[in-house]
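Protein chains in written order, with this note's numbering: chain A, 7 to 452; chain B, 13 to 526.
The reader is advised that the hints may include incorrect statements.
If you want the footprint, here are the derived chain B segments under chain A, 3+ residues with CB under 8 Å [said to hold, decoys possible]:
hint: 1; stretch: 104 to 113
hint: 2; stretch: 226 to 240
hint: 3; stretch: 276 to 285
hint: 4; stretch: 293 to 300
hint: 5; stretch: 421 to 434
hint: 6; stretch: 450 to 464
Quick caveat, the hints were computed from the structure, so don't treat them as lab data. Glycine included, C-beta positions come from ideal geometry on N, C-alpha and C.
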Amino acid sequence: MTYNKDQQLNLQELADWVIDQTKKAGANDCRVNLSKRRLVEINYRDRKPEVIKEATTQNLYLEVFINNRFAGQSTPDYRKSTLAGFITDVVDNANIMEEDPFRTLPDPKYYSGRSTIDLQLSDPDYNQITPENRHTMVKTVEDACLSKGGDKVISVEAGEYDETNEEFIKSSNGFEGSTKSTYCQIGASMTSKDEGDRRPAGYHYVSCRYRSDLPSLQEVGTEAATRTLDLMGGKKIATAKLPIIIENRNVARVLYGLFDPMFAGNIQQKRSFLADKKGEIIGSKLLTLIDDPFLPRALGSKYYDGDGFSTKKRNLFTEGTLNEFLIDWYYSRKLSWEPTSGSISNLIMAPGTRSVEAIIKDLGRCIMITGFIGGNSNSTTGDFSVGVIGKLFDKGSFVQNVAEMNIADNHLNFWNKLVEVANDPWIYSQARLPSLVFDKVVVAGI
Amino acid sequence: MKPIPRRKFIQGTALASGALLLLPTLKACKFLETKSSGNYFFREFGIDETICRKLLAKALSKGGDFADLYFEYSVSNYLGLEDGKVNQSYGDISLGVGIRTVKGDQIGYGFTQDLTEESMMSAAATASTLCDMNATSVNNSFNVPAIGNYYPVATDFNGIPGKSKLPLLQNINQKCFALSSEIVKVNAGFSSSAKRILIVTSDGVQAEDLIPSGYVYASVVAERNGKREQSSWNLGGRRDLSFYTDEVISEVTEKSVNSALKLFDAIQPPAGEMPVVLGPGVTGVLLHEAIGHGMEADFNRKNISTFSTMLGKKVAEPFVTIIDDGTNMNLAGSINVDDEGTPGKKTILVENGILTSYLHDKISAKHYGVEPTGNGRRQDFQNYPIPRMRNTYMMGGTATPEDVIREAGNGIYVEDVSNGQVKIGEGDFAFYVSQGRMIENGKLTSPIKDVNIMGNGPKMLTNITLAANDLEMYHGGAGGCGKNGQGVPVSFGMPTCLVKSLTVGGTQQKGGKS
Chain A
7 MTYNKDQQLN
17 LQELADWVID
27 QTKKAGANDC
37 RVNLSKRRLV
47 EINYRDRKPE
57 VIKEATTQNL
67 YLEVFINNRF
77 AGQSTPDYRK
87 STLAGFITDV
97 VDNANIMEED
107 PFRTLPDPKY
117 YSGRSTIDLQ
127 LSDPDYNQIT
137 PENRHTMVKT
147 VEDACLSKGG
157 DKVISVEAGE
167 YDETNEEFIK
177 SSNGFEGSTK
187 STYCQIGASM
197 TSKDEGDRRP
207 AGYHYVSCRY
217 RSDLPSLQEV
227 GTEAATRTLD
237 LMGGKKIATA
247 KLPIIIENRN
257 VARVLYGLFD
267 PMFAGNIQQK
277 RSFLADKKGE
287 IIGSKLLTLI
297 DDPFLPRALG
307 SKYYDGDGFS
317 TKKRNLFTEG
327 TLNEFLIDWY
337 YSRKLSWEPT
347 SGSISNLIMA
357 PGTRSVEAII
367 KDLGRCIMIT
377 GFIGGNSNST
387 TGDFSVGVIG
397 KLFDKGSFVQ
407 NVAEMNIADN
417 HLNFWNKLVE
427 VANDPWIYSQ
437 ARLPSLVFDK
447 VVVAGI
Chain B
13 MKPIPRRKFI
23 QGTALASGAL
33 LLLPTLKACK
43 FLETKSSGNY
53 FFREFGIDET
63 ICRKLLAKAL
73 SKGGDFADLY
83 FEYSVSNYLG
93 LEDGKVNQSY
103 GDISLGVGIR
113 TVKGDQIGYG
123 FTQDLTEESM
133 MSAAATASTL
143 CDMNATSVNN
153 SFNVPAIGNY
163 YPVATDFNGI
173 PGKSKLPLLQ
183 NINQKCFALS
193 SEIVKVNAGF
203 SSSAKRILIV
213 TSDGVQAEDL
223 IPSGYVYASV
233 VAERNGKREQ
243 SSWNLGGRRD
253 LSFYTDEVIS
263 EVTEKSVNSA
273 LKLFDAIQPP
283 AGEMPVVLGP
293 GVTGVLLHEA
303 IGHGMEADFN
313 RKNISTFSTM
323 LGKKVAEPFV
333 TIIDDGTNMN
343 LAGSINVDDE
353 GTPGKKTILV
363 ENGILTSYLH
373 DKISAKHYGV
383 EPTGNGRRQD
393 FQNYPIPRMR
403 NTYMMGGTAT
413 PEDVIREAGN
423 GIYVEDVSNG
433 QVKIGEGDFA
443 FYVSQGRMIE
453 NGKLTSPIKD
463 VNIMGNGPKM
473 LTNITLAAND
483 LEMYHGGAGG
493 CGKNGQGVPV
503 SFGMPTCLVK
513 SLTVGGTQQK
523 GGKS
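So that you can see chain A by itself, here it is in the shape it has in the complex:
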């Protein structure tokens, strides 16, 4: 993408201009977020390119506060000649809103104390990658997947996606922040031949900020095939109460049902079953969760949150006790509570000492859950129900793959069933969680 002359202004100068114009248009306060992204995507299927995609995008998001009235609006157009009309429109939109005394920019005191640690969010070697490199990487992953899949392969798709992002945020009451970051993802999905018309499809994708942090590409492709072959012959078994192990990369899916009611918006709107449970034990002693924004190169690391608050390391749960809610500026004012932060960075759970394989040997008959399907979690009541896919073991020996089954519980019961944490945190996500073992869970099948 090319830019006109007035689009080539640096982001800071443009942000200053937007703030100045917005205040002149009648706003008491405003905040502007300018972002640019360049992305590349390459997919191969059956040894030839299936998709080649490349583009650059940009966005300006303006939030306006006028006498406790609020409006937010975005546009891709950075030209001053047209932004003047855009600003007028956002101001007009705010003016028709009803007055809400809690709608203001945050108290600037929460902007202070920003970490100076180098979070290493942007890969210095990002621009070294060539189109040929990308094609070679994808072909390597595809070859490894095809090789491992052997005669069971119906189809393999391998892909690489990378992007570079630049963001500049400024508010009229003193917040200023900028971030440059990179992101890359590579992996493959495979579809295999199974009994009858079943064609199990599995995948393995890994994501990170630095390309050098990717695991071996052969390993990525091989793992995609292995995970697909592990789905072969999946069948449901009789409904039973069993220990389950939720695989590391899938733990976040269940955990987010516990986090949703921790957001201040849900608490203030009476949609949280945890609203009155701060300081109480809601899980077993093994439930210790930390929100750590300062892990170098991690996908959730950040210096400031959406309100501009300087980020902090937080102990959300300690040995089963709920320590802290996720309170943004707006809802902190509605609740008359001290704000914390309304977002999560990197979720960390300290790993245990044993591998999943070692744990399974001691569990008797158990199901290792390797995927979820459908389902939901009710933040008001804590009830959840979700489809599961996985493997049945008995005293460490593999019995069969399972599919078409379901687990359901209430979070206030479920997290008390957490009996062991494995030693295998999944590092290719902002939820860096290890596999978790729960006892006596009803797994519905036949």
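Chain A is fixed; fit chain B onto it per the hints.
Here is chain B on its own, set in the frame of chain A:
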């Protein structure tokens, strides 16, 4: 090329400035009435035949079967009510062009938000990198296909002053609290958008459309004896503001409030396999997940769908006919023209129990040697089109709803669902029951809630054993379908019908063991 009057583009976002909007709005109305000669993108952004031909030639400069251009300009707004005040206004403008080069089943794709010739040529050059052959020629002329008008609107949402939408939300708030003293919180929202698209293809199609969409919703929390329950409902689709009458607002509020109150008496059903009766309407999401995705032709031409070998075969009882339809009036999945320039159509997927067609885009239609079915859809110009459903429904049978429930004997009755998902290769699917009832001895008894239902698509099809004569379409506008990272609006329809066995995920084993 005509310079782009971006001021008009920016003005189009205004909620408040009705006067400022007058000119573009009147233009929009006039354009809509004479859609076939619309030329909106020429008038507003200077996109003419010369530049389109130049871009297509660039996209095919290294060869390829065909190329297409997808211009999009959309404006969306959301107004939200919380704690009795309409205190949130959000807006978004999207403008750009996506340029695709296709060779066989391979895609080269570039897009830009900047409709200058230089930027668009750069995106076309990106798309062209897929091929390395001699150039392919572009058709000599562009013809406008005959397309339907399945969502006529008097004035699109960009022409409606925002202030006129506020009373809708205040009305919802008042009605919800008036319906029950047990309601303790009400959230309401009004979402609206108007999207203009222009599709120009190297094989000579030029199609244009104005696509309205929106919905109004109420979400309530009720409290009884220290226990809370929540529920929500929405209505909308491809309509204008005139749809949102007091009657519609009453339906949204009554359904939200009554559903929330009913949950206080709800129980968890036993876990395991049992007969499941799907109530009419929104439960059609089961068709969407269990069958519809597996019939999207990209999955089948890649041989990765469980339905890949079933074309022409019996897949259900003879009374089962399933349709995917872009031509229903005003439904969320209706399309005058798909995002590749193929007119919206009605496609019979299963006719009297026989699988008769997949859902095709141009790539899969060529692969199978059939006409495209008008299912090539995309989220926006940043994405290329793929086969997607529109409004998917099953035709009604001859039984009464009471017959169907009686036939089930003991099982569950599903009234409202959400969060469906399917594994295409296995055919395994799940959907979440937010509202339902137990069926005991052929009669509806206790309410149930928060259970997931699992099944296998092909097995489920053969297990539909009875359908009632009460086909009902879902008229919601919120939500949509996600595939390959792209969301598109869809709708569903279903008569009351019996599936003789599905897995219900509860917390109790059969026999009451918890």
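Hint check:
| no. | hint | result |
| --- | --- | --- |
| 1 | 104 to 113 | holds (count 5) |
| 2 | 226 to 240 | holds (count 3) |
| 3 | 276 to 285 | holds (count 4) |
| 4 | 293 to 300 | violated (count 0) |
| 5 | 421 to 434 | holds (count 5) |
| 6 | 450 to 464 | holds (count 4) |
Checked against the numbered hints given earlier, the structure breaks only hint 4 and satisfies all the rest.
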